[in-house]
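J.: My request is simple: use the sequences and hints to build the entire structure.
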Amino acid sequence: DAGVIQSPRHEVTEMGQEVTLRCKPISGHDYLFWYRQTMMRGLELLIYFNNNVPIDDSGMPEDRFSAKMPNASFSTLKIQPSEPRDSAVYFCASRTDSPGGETQYFGPGTRLLVL
Amino acid sequence: AQKITQTQPGMFVQEKEAVTLDCTYDTSDQSYGLFWYKQPSSGEMIFLIYQGSYDEQNATEGRYSLNFQKARKSANLVISASQLGDSAMYFCAMRERDRRGGATNKLIFGTGTLLAVQP
Chain A
1460 DAGVIQSPRH EVTEMGQEVT LRCKPISGHD YLFWYRQTMM RGLELLIYFN
1510 NNVPIDDSGM PEDRFSAKMP NASFSTLKIQ PSEPRDSAVY FCASRTDSPG
1560 GETQYFGPGT RLLVL
Chain B
3 AQKITQTQPG MFVQEKEAVT LDCTYDTSDQ SYGLFWYKQP SSGEMIFLIY
53 QGSYDEQNAT EGRYSLNFQK ARKSANLVIS ASQLGDSAMY FCAMRERDRR
103 GGATNKLIFG TGTLLAVQP
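Line by line, the protein sequences give chains A and B. Following this note's numbering, the residues of the first sequence are numbered contiguously, the last one being 1574. Following this note's numbering, the residues of the second sequence are numbered contiguously, the last one being 121.
Don't read these hints as lab results, they were simulated from the structure. Mixed in with the good hints there might be a few duds.
Stated by the list, open to error - Between beta-carbon pairs, the in silico distance windows are:
{"id": "1", "chain 1": "A", "residue 1": "G1475", "chain 2": "B", "residue 2": "G87", "range": "36 to 44 Å"}
{"id": "2", "chain 1": "B", "residue 1": "I48", "chain 2": "A", "residue 2": "R1500", "range": "19 to 27 Å"}
{"id": "3", "chain 1": "B", "residue 1": "Y66", "chain 2": "A", "residue 2": "R1468", "range": "22 to 30 Å"}
{"id": "4", "chain 1": "A", "residue 1": "P1543", "chain 2": "B", "residue 2": "S43", "range": "20 to 28 Å"}
Cβ atoms here follow ideal geometry from the backbone N, Cα and C, with glycine treated the same way.
T.: Shown next as structure tokens:
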């Protein structure tokens, strides 16, 4: 089975530009998570969805960040306008709601650099 | 507040030897889950092993085992017969509880331990 798929793998953009990160969770998984990893803050959860519905977005840093999940197989994380401090690795993860499905499986990440 | 502590910023181990990576956690919950992830230099996060707080036996997955000591609130990762490909960053994580005590899906991560396997 395919794992979590993220695109693009790398993104370089200029300050002020809109950035859209994409994620396809593992088929059949009910939960989707967006994480950000930086040297200063480590790994932090931004938002997560259950059955396409946003459940907790308390980790979203500010209004410049938005996330959507229009269907069970696709989610986007958008930053508009982007700033240099948004430079980080953004991970998408998913897990099942089935018994024993505790584990979150991560995608390869998107390395974002905002100049 | 719940917290994960990894006190070893970096470690060396000789190839084919065993190594233990430390993880302690702080929680007042009775039910929780502990995870270990590996992050090689390529950047992806790879799930290694999971331990539930009510699991009576230590979790094992191939060369990985989790030394779970509940009373001491430690969940150390043991890698047996280290290989060069084990060189990576290793993160310990715990599933968090929300303020009302309900289970959440949030994972809180430690700061990681960088393991270098020497030939």
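J.: Determine for every hint whether it applies to the structure shown.
T.: Evaluated hints:
1. A:G1475 x B:G87: 36 to 44 Å: 41 Å, holds
2. B:I48 x A:R1500: 19 to 27 Å: 21 Å, holds
3. B:Y66 x A:R1468: 22 to 30 Å: 27 Å, holds
4. A:P1543 x B:S43: 20 to 28 Å: At roughly 24 Å between Cβ atoms, S43 of chain B and P1543 of chain A fall inside 20 to 28 Å, so the hint holds.
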